[in-house]
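Go by the hints and put chain B onto chain A.
As they're listed, the protein sequences go chains A and B.
Residues 1065 to 1155, numbered by the numbering used here, are exactly what the first sequence covers, in order.
Residues 531 to 944, numbered by the numbering used here, are exactly what the second sequence covers, in order.
Do not take every clue at face value.
[Said to hold, decoys possible] DSS-like mimics (lysine-lysine), calculated; alpha carbons at most 25 Å apart, straight line:
1) B:LYS924 x A:LYS1141
2) A:LYS1138 x B:LYS924
3) A:LYS1153 x B:LYS553
4) A:LYS1141 x B:LYS553
5) B:LYS881 x A:LYS1080
Please keep in mind that the hints were generated in silico from the structure rather than gathered at the bench.
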Amino acid sequence: MILKGEDIYRELTSPKDANDPLVITPMLDLEGIKNSGSASVDMRLGCWFLTFRQSRIGVFDVYDKHADIPSEAKLTKSHYVPFGVEFIKAS
Amino acid sequence: MDITIDHARKRIAAIRAEIERLKQSEFPYTHPRDALDQLGKMFERQQAVLEKVSPNAPASVIFTACSTSVYQLFVYVPILGFILRSANVRNAFETYAPLLRLTRSILGPDTKLIISSEWAYSPHVYQSITDLPGFVLIGLPAPESANPLLIPLAGHELGHAVWKAENYSTKFGKQIEDGILKEITNNRWKEYEALFPQVKKEHYLNNDIIARTIWIAAYTYALRQAEEIFCDIFGMRLFSEAYLRAFEYLIAPGVPGERSVLYPNMERRVLHLMEAAKALTVSVEATFTSRFKAEDEPRESTTKLLVSTADAVSAALVPDLITQVLDIALSRVIPQRAFAKVEEVCAGFGKVIPTTMAYSVTDILNAGWSCYLNDDLWKNYQQVQEENRGRVLKDLMLKSLEVSEAFERSREVQ
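Bound conformation, chain A alone (with noise of 0.2 Å):
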């Protein structure tokens, strides 16, 4: 089912089931979402990336055993990005 902006506003406004709302936090601007005729919210991702450290596998095969996959601290390294500031996520 696809929502009209307005619908989105509706929802996130006064939702029709309070135990189950749609949410999206933070909305910066809730009247933009109702005028903006889309029916579509541009998000912004969160402050947390992991990227793959590359040097330490040379193949991640997702179809691998999940014993025999290395744990996430192995094949990854965090980063936190604040507000406002440039990551690159490829290259």
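Leaving out everything else, chain B in the frame of chain A:
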């Protein structure tokens, strides 16, 4: 070339090169880099001094210049390590911005803050860093540095910065000195006379140097204890119930062995917290004290007497310390935990939703603790498995701090 000067110049060159390397670290905030800039300049000045020292200068001149530079290395290498660890991703960076706001509301708008994960279990603050004026450096134990539930403990460390900024050592110094002398001459005279028979009562009453060499240790203990009590009360004023929870999590039931003479013993520390909780209208259950065990008192008779004297004096200061904290809180814009706000945040957490508007760090941390202690939390949410409960709650708290910061910044821009 004089080898002593040569070594000194190379040592300073090495630390300057290291500082340049440290600057390439991924610091999420500017203050660690600002600190590196300042320390880099300080070592640059050191190098300039060493460059000016002639190898033919008198040995005393060479020694003075070189030993000063060695001293700077001893002082600042640990600080540089601290700054480097502030970039480590084990830190809960989401807590930084709200804590900076809080710190600035307490210590002034130009205060710079560095929070780091430290390989010491006790949270601590670096104070009196000559070449980093205006900086507050708070270290939290590495295994818990990503745990927002323990952030209230930073309140105690901020208390140390306030104690220094307000010069309370001087303010309370005279009161403590009078208290110690009164305690000795009025209440403990027989014990002092037995241990130090050569010193008469009038030596104490006249503030004689002979007596001073004896009671100065008790004075030092009492002053340090008063500072720690103040910091506990200050932390509780900032974070209310969450401070008590975090305090209990970190240390209860206490460390085995002999107590530290620089803190009130654990039993008394908790009682002071209870007394302050009453004054600050912080809720605490009656069983709180029972979760801490008594520590061993010093066995050596002189230390035992001096510490017990200090204990009596610092305990008597508690009402004044509470008043001082309340005065500070009144004179600054320090948010206070609001039950209604805490409940709002809790209601969101109960639906696995972070905050959708700005809340104070105090309210978010208290909501986090309230949910943490709620056994029924997410009982009907099958998607949050029991083993993930703690992680999800911490993520919600951290995200809420981030969301609140986004709203704050948005408000500032408008």
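Cross-check of the supplied hints:
{"no.": "1", "hint": "B:LYS924 x A:LYS1141", "in the structure": "holds (20 Å)"}
{"no.": "2", "hint": "A:LYS1138 x B:LYS924", "in the structure": "holds (23 Å)"}
{"no.": "3", "hint": "A:LYS1153 x B:LYS553", "in the structure": "holds (22 Å)"}
{"no.": "4", "hint": "A:LYS1141 x B:LYS553", "in the structure": "holds (19 Å)"}
{"no.": "5", "hint": "B:LYS881 x A:LYS1080", "in the structure": "holds (15 Å)"}
Consistency with the previously given hints is maintained throughout, with no hint failing.
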